Amino acid sequence: MTVETKQPYNDEYISRFSSSRNEPEWMKDLRQQALSQSESLEMPKPDKTGIKNWDFDTYVHEAEGSKIDALDKLPASVAALIDADNAPNLYIQRNNSAAYLALDEKWSKQGVIFTDIFTALKQHADLVKRYYMKDAVSADEDRLTALHAALMNGGVFVYVPKNVVVDEPLQTIFWQEDDSVASFNHILIVAEANSSVTYVENSISHNADTATFANVVTEVIAEDNANVSYGAVDNFAAGTTVYAKRRGVAYRDARIDWAIGQMNDGNTISEHITHLVGDNSGSEAKSVVVGRGKQIQNFTTNIIHFGKNSVGNILSHGVMKEQASSVFNGIGKIEHGASKSDATQETRVLMLSQGARGDANPILLIDEDDVVAGHAASVGRVDPLQLYYLMSRGITKHEAERLIIHGFLAPVVNQLPIETVKNQLTQVIEGKVN
Amino acid sequence: MAGSVLEIKDLHVSIEDKEILKGVNLTIKSGEFHAVMGPNGTGKSTLASAIMGHPKYEVTSGSITLDGEDVLEMEVDERARAGLFLAMQYPSEISGVTNSDFLRSSINARREEGDEIPLMKFIKEMDEAMDFLEMDKNMAQRYLNEGFSGGEKKRNEILQLLMMKAEIGILDEIDSGLDIDALKVVAKGINRLRDENFGCLIITHYQRLLNYIEPDFVHVMMQGRVVKSGGSELSKRLEAEGYDWIKQELNIEDETINA
Ligand SMILES: Nc1ncnc2c1ncn2[C@@H]1O[C@H](COP(=O)(O)OP(=O)(O)OP(=O)(O)O)[C@@H](O)[C@H]1O
Ligand SMILES: [Mg+2]
Numbered sequence: 001m002t003v004e005t006k007q008p009y010n011d012e013y014i015s016r017f018s019s020s021r022n023e024p025e026w027m028k029d030l031r032q033q034a035l036s037q038s039e040s041l042e043m044p045k046p047d048k049t050g051i052k053n054w055d056f057d058t059y060v061h062e063a064e065g066s067k068i069d070a071l072d073k074l075p076a077s078v079a080a081l082i083d084a085d086n087a088p089n090l091y092i093q094r095n096n097s098a099a100y101l102a103l104d105e106k107w108s109k110q111g112v113i114f115t116d117i118f119t120a121l122k123q124h125a126d127l128v129k130r131y132y133m134k135d136a137v138s139a140d141e142d143r144l145t146a147l148h149a150a151l152m153n154g155g156v157f158v159y160v161p162k163n164v165v166v167d168e169p170l171q172t173i174f175w176q177e178d179d180s181v182a183s184f185n186h187i188l189i190v191a192e193a194n195s196s197v198t199y200v201e202n203s204i205s206h207n208a209d210t211a212t213f214a215n216v217v218t219e220v221i222a223e224d225n226a227n228v229s230y231g232a233v234d235n236f237a238a239g240t241t242v243y244a245k246r247r248g249v250a251y252r253d254a255r256i257d258w259a260i261g262q263m264n265d266g267n268t269i270s271e272h273i274t275h276l277v278g279d280n281s282g283s284e285a286k287s288v289v290v291g292r293g294k295q296i297q298n299f300t301t302n303i304i305h306f307g308k309n310s311v312g313n314i315l316s317h318g319v320m321k322e323q324a325s326s327v328f329n330g331i332g333k334i335e336h337g338a339s340k341s342d343a344t345q346e347t348r349v350l351m352l353s354q355g356a357r358g359d360a361n362p363i364l365l366i367d368e369d370d371v372v373a374g375h376a377a378s379v380g381r382v383d384p385l386q387l388y389y390l391m392s393r394g395i396t397k398h399e400a401e402r403l404i405i406h407g408f409l410a411p412v413v414n415q416l417p418i419e420t421v422k423n424q425l426t427q428v429i430e431g432k433v434n
Numbered sequence: 001m002a003g004s005v006l007e008i009k010d011l012h013v014s015i016e017d018k019e020i021l022k023g024v025n026l027t028i029k030s031g032e033f034h035a036v037m038g039p040n041g042t043g044k045s046t047l048a049s050a051i052m053g054h055p056k057y058e059v060t061s062g063s064i065t066l067d068g069e070d071v072l073e074m075e076v077d078e079r080a081r082a083g084l085f086l087a088m089q090y091p092s093e094i095s096g097v098t099n100s101d102f103l104r105s106s107i108n109a110r111r112e113e114g115d116e117i118p119l120m121k122f123i124k125e126m127d128e129a130m131d132f133l134e135m136d137k138n139m140a141q142r143y144l145n146e147g148f149s150g151g152e153k154k155r156n157e158i159l160q161l162l163m164m165k166a167e168i169g170i171l172d173e174i175d176s177g178l179d180i181d182a183l184k185v186v187a188k189g190i191n192r193l194r195d196e197n198f199g200c201l202i203i204t205h206y207q208r209l210l211n212y213i214e215p216d217f218v219h220v221m222m223q224g225r226v227v228k229s230g231g232s233e234l235s236k237r238l239e240a241e242g243y244d245w246i247k248q249e250l251n252i253e254d255e256t257i258n259a
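Residue numbers (full-length UniProt numbering), protein chains in the order written: chain A, 1 to 434; chain B, 1 to 259.
Since the hints were derived computationally from the structure, they do not count as laboratory data.
Worth double-checking, as some hints may not be accurate.
To give an idea of the chain A side of the interface with chain B (calculated C-beta under 8 Å), a few residues [to be verified]:
(1) Ser20
(2) Pro24
(3) Val382
(4) Pro384
(5) Leu385
(6) Arg393
(7) Lys397
(8) Phe408
Residues from chain B that keep clear of chain A, each with C-beta distances beyond 12 Å, as calculated [unchecked claim]:
(9) Gly53
(10) Asp67
(11) Glu75
(12) Pro91
(13) Thr98
(14) Ser105
(15) Lys121
Dumping the calculated BS3-like pairs for lysine-lysine here, alpha-carbon to alpha-carbon at most 27 Å [what the hints assert, rightly or not]:
(16) B:Lys153 x A:Lys397
(17) B:Lys228 x A:Lys321
(18) B:Lys153 x B:Lys9
(19) B:Lys56 x A:Lys397
(20) B:Lys228 x A:Lys422
Computed from a prediction, not measured in an experiment: that's the story for all the values here.
No residue lacks a Cβ here, since even glycine has one placed at the ideal position from N, Cα and C.
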């Protein structure tokens, strides 16, 4: 092992933490086992990005946040994400505390669960146990994931029973109010057969100068013929080192579509994998990134085809400015037996300054003959002919660049189902590229 | 401001150190429609691009002025705001930017800050112009030129021309790739602008466009120069007889810029 971490939270701490939250015994065991595993597991190895000098150890693990009685009392940066007049299904987590929760009765009546992870562990322990770090992510994948399992300190559980179609988005806001508090959030979304759900999440913090760590795991399970549409905007401030792992498992005829705005200002590793297990399953994995300052980021998007006739489509668009540097790994993998599958990907990186760096690595790994696969990748500057065309209509160079950049990032912005979240992402992009 | 004049004097233009235009002289006043014709590769698009300020074309000598203002000193966007409009032979595709957002930005670019066109007024004008050009309303919400057919792109250029209220329009092969119905629609759009406040330079290979848009002047380009000018009878003769008689008359063997 090359990296020596000084993990500040020991077995005793974790045991007490778990007890204080009245967690079921299996959860405490899982935490403790993961902690002991973390000591021998390797750090993750993001392809082409060295993380030896990154700070994964400076953070405060526990911080409460007070309840939110009314949405109009939120600070502007959080309030902007919410359509206060129309937010029937909303969870706000403030530091590690469930501060606000609403779920329209019409959904709870049909058995839909939308609640913070600690309440879920109490009220739906068996259901959580069946899926938590089982089929999607396992705790022993690497040291940081084991640490996540040991120190999980927030998150949300979404469960949609068979045949239930939730036709309004469920919205979550992870508001890291205290600068030093870590986010070990765990998002678990389970859609039973023939169900459908749209989930949208914002993570937000303001710790520009204070170091902390976000180690977030998302698991999405789509049973036969279920449909999950997942949208997220990650917006951790510069002080936060981010390790974000998102994993989906789609069974027969199921779909998982992702639209992710990666707007963090700190060093980030994002690993995003979708397993198309069932025949005729499908996934679109779209993400957009804006990097600035001296940020170093690594994004891996991977769709693995096991089922026949499965369709996977990766789109990653990144804008790099100042000294920011990013590696984009797009991987389409078709396993033997996944005949008639279709794996496509497009990775494009737009460089706005001389000092910025972008690296697009499209990879197709194909172990089956009867398939369709393709990729497009490019790293370049704003097309001077596009600029010329826009400017020839009187639009200033600055405005023309703005239009082109927003257009470049539109595939994710347009897919977010909540207008306020969409507008907020547009504003974040605006702030970052200007 | 009635009465604009675009004046091009002894214009020399190079691309990648190769001289393409070798002394073009041309004056376009509002109210006038000029046609520029000429065989392939004789510098017509180069002229249009140099007027608009295409980044690849370098003006090595000569002048272009609009109402006495030095156009060559202006950035591309300033030229547009001064009243020039170029309908391009190959318009760019811009993903993620809707046609309608682009149009609104373009219109607002020519207006003062704080005096932006009200959204409702804009939509009304755009709907009206699209109806006039017999365009599918969905085109407004599609991304700019992305996946547009050749004819749709041309119509979209004319839509911009109609809505942007330029003083001088330059249309580079606006008729190429158009079916006969689309040609009529595009001609209708251009003729609608015909008044004492609008001047136009129409680059075309075909008389059939000029049958719908009667030019006041016709110019022929060869070897990177305007070699002959006349009235609408000139284009009719070209249609009937081709370019050989001009080449003979002027003793030109190779009409291309390589000569
Ligand atoms: N990038 C370039 N490098 C070298 N030569 C160029 C370049 N671009 C244009 N040219 C040359 O400049 C000449 C004039 O081109 P231009 O496009 O102005 O012709 P045109 O009269 O518009 O022709 P057409 O009727 O075919 O549209 C041509 O010989 C062309 O090959
Ligand atoms: Mg041409």
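Can you name, in rising order, the numbers of the hints this structure does not satisfy? Numbers 1, 2, 3, 9, 11, 12, 13, 14, 17, 18, 20 - these are the hints that the structure violates, sorted from lowest upward.
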